[in-house]
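Note that the protein sequences, when read in sequence, are chains A and B. Going by my numbering, the first residue of the first sequence is number 1, and it counts up by one from there. Going by my numbering, the first residue of the second sequence is number 1001, and it counts up by one from there.
Derived by calculation from the structure, the hints in this document are not laboratory data. Source: prediction; values computed, not measured. One or more of the hints may lead you astray.
[Stated by the list, open to error] Below 20 Å or equal to it, Euclidean Cα-Cα: the simulated DMTMM-like pairs (lysine to aspartate or glutamate) are:
#1 A:K125 <-> A:E186
#2 B:K1132 <-> B:E1087
#3 A:K20 <-> A:E58
#4 A:K222 <-> B:E1311
#5 A:K315 <-> B:E1311
#6 B:K1222 <-> A:E211
#7 B:K1315 <-> A:E311
#8 A:K222 <-> B:E1087
There are 2 protein chains.
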Amino acid sequence: MTNFSFCNPVRVEFGKDKEKNIGKYMKECDSKKTLVLYGSERVRKSGLMDVVEASLKENGIEYVLLGGVKSNPVLSKVNEAIKLAKEFSADSILAVGGGSVLDSAKAIAAGACYDGDVWDFFTGKKPVSALKIFDIITLAATGSEMNKGGVVTNEATKQKYSLDAPCLYPKVSVINPALQATVTSEYLVYSASDIIAHSIEAYFTATHHPELIRMQIEANIKATIRTTEILLANPDDYDARAEFAWAATMALNGLTHLGVSGFGFPNHMIEHAISAVTDCAHGAGLSVVMPAWMKWYAPKNPAAFERFAREIFGKNTAEEGIEALKAWFDKIGTPTSLSGVGVTDANLEEVIKVTLMHSKDWGMSDIYTRESLETIFSLAK
Amino acid sequence: MTNFSFCNPVRVEFGKDKEKNIGKYMKECDSKKTLVLYGSERVRKSGLMDVVEASLKENGIEYVLLGGVKSNPVLSKVNEAIKLAKEFSADSILAVGGGSVLDSAKAIAAGACYDGDVWDFFTGKKPVSALKIFDIITLAATGSEMNKGGVVTNEATKQKYSLDAPCLYPKVSVINPALQATVTSEYLVYSASDIIAHSIEAYFTATHHPELIRMQIEANIKATIRTTEILLANPDDYDARAEFAWAATMALNGLTHLGVSGFGFPNHMIEHAISAVTDCAHGAGLSVVMPAWMKWYAPKNPAAFERFAREIFGKNTAEEGIEALKAWFDKIGTPTSLSGVGVTDANLEEVIKVTLMHSKDWGMSDIYTRESLETIFSLAK
Chain A
1 MTNFSFCNPV RVEFGKDKEK NIGKYMKECD SKKTLVLYGS ERVRKSGLMD
51 VVEASLKENG IEYVLLGGVK SNPVLSKVNE AIKLAKEFSA DSILAVGGGS
101 VLDSAKAIAA GACYDGDVWD FFTGKKPVSA LKIFDIITLA ATGSEMNKGG
151 VVTNEATKQK YSLDAPCLYP KVSVINPALQ ATVTSEYLVY SASDIIAHSI
201 EAYFTATHHP ELIRMQIEAN IKATIRTTEI LLANPDDYDA RAEFAWAATM
251 ALNGLTHLGV SGFGFPNHMI EHAISAVTDC AHGAGLSVVM PAWMKWYAPK
301 NPAAFERFAR EIFGKNTAEE GIEALKAWFD KIGTPTSLSG VGVTDANLEE
351 VIKVTLMHSK DWGMSDIYTR ESLETIFSLA K
Chain B
1001 MTNFSFCNPV RVEFGKDKEK NIGKYMKECD SKKTLVLYGS ERVRKSGLMD
1051 VVEASLKENG IEYVLLGGVK SNPVLSKVNE AIKLAKEFSA DSILAVGGGS
1101 VLDSAKAIAA GACYDGDVWD FFTGKKPVSA LKIFDIITLA ATGSEMNKGG
1151 VVTNEATKQK YSLDAPCLYP KVSVINPALQ ATVTSEYLVY SASDIIAHSI
1201 EAYFTATHHP ELIRMQIEAN IKATIRTTEI LLANPDDYDA RAEFAWAATM
1251 ALNGLTHLGV SGFGFPNHMI EHAISAVTDC AHGAGLSVVM PAWMKWYAPK
1301 NPAAFERFAR EIFGKNTAEE GIEALKAWFD KIGTPTSLSG VGVTDANLEE
1351 VIKVTLMHSK DWGMSDIYTR ESLETIFSLA K
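For reference, chain A alone in the conformation it holds in the complex (with noise of 0.2 Å):
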């Protein structure tokens, strides 16, 4: 294992009724005034804000509401709510919502304690300070919620970056999984695509990969499998639910990349590109890409990816393994061609155009180069 410094600060509310609480855990925190960050309407329609907007009260914290954050981020977005949590004093956000509401919290709650330009963290500045960060999440996915790092895309430039910093753990992160049961199938399988995109990245990337991690990241994709299937039948199995939940938390809350190094994020680096320019669910995204650069990589690291086939698959070699995830995929109906998420023979330069800005200002441009770029999305279509 290679040397490492870990300290994961969050406390997670993980169950039901969870966020009913959600008032007395951020007092708990001597959060007095906050914005509370959401996407759609939906969580005021489902009733979901009012028992927030409740339990604030009731442990007398004010706020402001302030919703419309889209899948896909963008810094518009968290710019006119940085302005709204300056203007209000707010000493935390909460974010309702996915992982898109909450990456737009840490933004914000960045951007509020500082006098630049909030893009300045997504390109190289760390934040040192943030207002508090409290969650309440409805789609398990990203693992935002046990995690310092957060994505937006900046719409001007086709930019889908990321901010990292230890500032940026939430206090608490409320996880009730029978709030993640009115997501839909679509975006149930989309998320099941970013939960196994998490868990193999470092896995077929890593120069070096302890095997006890190895094991901990094949359980967590066996659970996925396991329960996105068992949801598909039935949304309300609330034991596969939790599982699943937590599946996607332990995907990238750092546990499961201790001891691991000389590791990236390829299948994200371009699938940013592809979400940046045609706005398709980053999961789905992850679906069309993993296949493909699966194929491309597995050569590089082919014990890893027998490794895979096996233990995952029960198959014996690199290819059957590929095919068969590429087969889950298309059997759980996430996309697995370019056509399915919006790149066409139209937009495809624009694509790899914007991938190799990605590649490029993500210190990956000597590996995704045009050449091998053209090769991965050739094998996409």
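Put chain B on the given structure of chain A with help from the hints.
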């Protein structure tokens, strides 16, 4: 998954040479005066204490040293250290050693902030404040480096009990696997037994156990078995030592018990009574208790035992799985019969009486009666 609340704030500094920075880590946590606690003189002879003292001096941290903590640490030593910590006005305790030293440090940290008898914290009262706790863990086994509990023996009453409170999480735990390479093969296999014991208690006794958590536990047990065998052949295999150390941490840091409910620690309860009487090594006592307890308990939860047999040892029945574990203990050389840990016809009655006291105080006397304990002990002969 059963509802849970989880927050583990321990900062883990894992890897080669990390102990050289101990003073820096402590300074970052505002520690200025510390009591350095250790066990035998081995940590002085090995040069480790020189490294520690140099780092403390370099970072301007005043300290006093106190050695002599023994395996199965005792209350009298804890009380001696509390007195010293108070006299010195220590703001922290630095444990340099294995689980016994760190568990003692936790009791000392709580006792130094309390006017009453520290044993109160082992018999129902919860400490609400404690000195800051730091450690350099030189034996992987107890998991104490990333949890909030500790075990101490009251030698006057033969109660080997635990304390547990959020204020007892270490601030920083240093785990350098290379420092653990000098552990004797005897203590290595006792440690393996302890890790497996921590892994199976809930696995077999829980009334609710999520599949994903089961898989994580199985990964941990498999890693422990695999790395123990590597280390017996080659104690200097750093990667195996590192995975062994991390498996020990993961077995009892809370993560492999999330969403699990209705479980107890009966093997520990029984073993604590044995070692309170005979002063055997904890892991040795556990490898005696486990196969016997498993034979007795298996009919109460056949599915879990069959799964264990299949997943860990590739066996078909619960009985075969239990025999395989016992055979593995025999193979690595940790005892599997009472005589191996000093329990004879002459003191068995005393052991049973002490176990009955433990089972009453641990709230398990409905199941662990004289009759059932006699059965379990007879299976361990």
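How the hints compare with the structure:
no.: 1; hint: A:K125 <-> A:E186; verdict: violated (36 Å)
no.: 2; hint: B:K1132 <-> B:E1087; verdict: holds (16 Å)
no.: 3; hint: A:K20 <-> A:E58; verdict: holds (11 Å)
no.: 4; hint: A:K222 <-> B:E1311; verdict: holds (14 Å)
no.: 5; hint: A:K315 <-> B:E1311; verdict: holds (19 Å)
no.: 6; hint: B:K1222 <-> A:E211; verdict: holds (10 Å)
no.: 7; hint: B:K1315 <-> A:E311; verdict: holds (19 Å)
no.: 8; hint: A:K222 <-> B:E1087; verdict: violated (55 Å)
In this structure, the hints that do not hold are numbers 1 and 8, in rising order.
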